[in-house]
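Engineer: With these hints in hand, go ahead and build the complete structure from the sequences.
There are 2 protein chains.
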Amino acid sequence: MVVDQLRAQLSDEELDRLFQALADTTRRDIVRRVTLGEYSVSGLAALYAMSFAAVQKHVAVLERASLVSKERRGREQIVRANHDGLQRARRLLDEYEVIWRQRADRIADLLAETATTEPDKTETGKKDTRNTQSNKTEGKTEG
Amino acid sequence: MVVDQLRAQLSDEELDRLFQALADTTRRDIVRRVTLGEYSVSGLAALYAMSFAAVQKHVAVLERASLVSKERRGREQIVRANHDGLQRARRLLDEYEVIWRQRADRIADLLAETATTEPDKTETGKKDTRNTQSNKTEGKTEG
DNA sequence: CTATTCTACAACCAAATGGTTGTAGATCAG
DNA sequence: CTGATCTACAACCATTTGGTTGTAGAATAG
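Residue numbers (my numbering), protein chains in the order written: chain U, 2 to 144; chain P, 2 to 144.
Worth double-checking, as some hints may not be accurate.
Taking lysine to aspartate or glutamate pairs in the EDC-like style, the calculated list, with each CA pair at most 20 Å apart, reads [stated by the list, open to error]: (1) U:K58 to P:D110; (2) U:K58 to U:D25; (3) P:K58 to U:D17; (4) P:K58 to P:E15.
These are computed hints drawn from the structure, not numbers from a lab.
Computed from a predicted model, the values in this text were never measured in an experiment.
Structural biologist: This is the structure in structure tokens:
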């Protein structure tokens, strides 16, 4: 089903499009509106101080980001919110939250470990570990 | 304290900057890295196939979005993740989730109400309510 | 049928974005 | 002190973005 999209790995391009689409006040407002009710494109266009074509483009950006979808009804095109799209954006931020907690746990572990195995060296409250980049030799630096 | 920022209302410009900052693969990677460890700007620059100045600009974008902060240490500038920034982005998506559930509840209420008060009109499974824009007369249309 | 409405799309424009190179000031290593 | 490293910032460039107007087709209203 469509829900499979949620389990799928989020590609960089997909995330670029998602956050790019959310990075505009008008577009965020459109997402809110079409979540609560149904709007045609011209119905949306009537709400903002810009041309129909501009709103049409905003809807297109949201559609490419899978945040909304359109459905023809007669001569109107009805815009609906796509819940999966929002969920994918939420997923990424949740992953960041997990990473953050990992970091916090790691720091806590380091502190505990140092405190138990080497009680002599814990005179200063060094909570930073100072690994600017020396422990990760990725990238270039081929010189 | 700094945590007050989380309670404060999210301005449009702030959200623009937040999502705009997240809408780039390199910048999302920087956020991940500096969440797990500490990096100087040049330490970050060594990881990507672009110039130091380009990475410097990416960090500046993240800083303006309050997603990271810099701290001088000698001649290096240490980049750290700013947890509050991420939390603010999460908050907006959570709000969207709330709105979505409100919509779902409203639809459920409408269905239930129609079923109880007017059982004769429930012959067709009309779950859409068809309010294209006629019930909301905002915006211009000043003709 | 005719006029209106809604949509699609092209062409154009100004400003922002993402990259580059170059220059210059601080700080550190020897 | 001298040289290397790290950062800041300006100037420049190509592409994208967010807006415009204009044209054209399809569906609806009268």
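Engineer: For each hint, tell me whether it holds in the structure or not.
Structural biologist: Hint check:
1. U:K58 to P:D110: violated (34 Å)
2. U:K58 to U:D25: holds (12 Å)
3. P:K58 to U:D17: holds (18 Å)
4. P:K58 to P:E15: holds (18 Å)
Checked against the numbered hints listed earlier, the structure breaks hint 1 alone; every other hint is satisfied.
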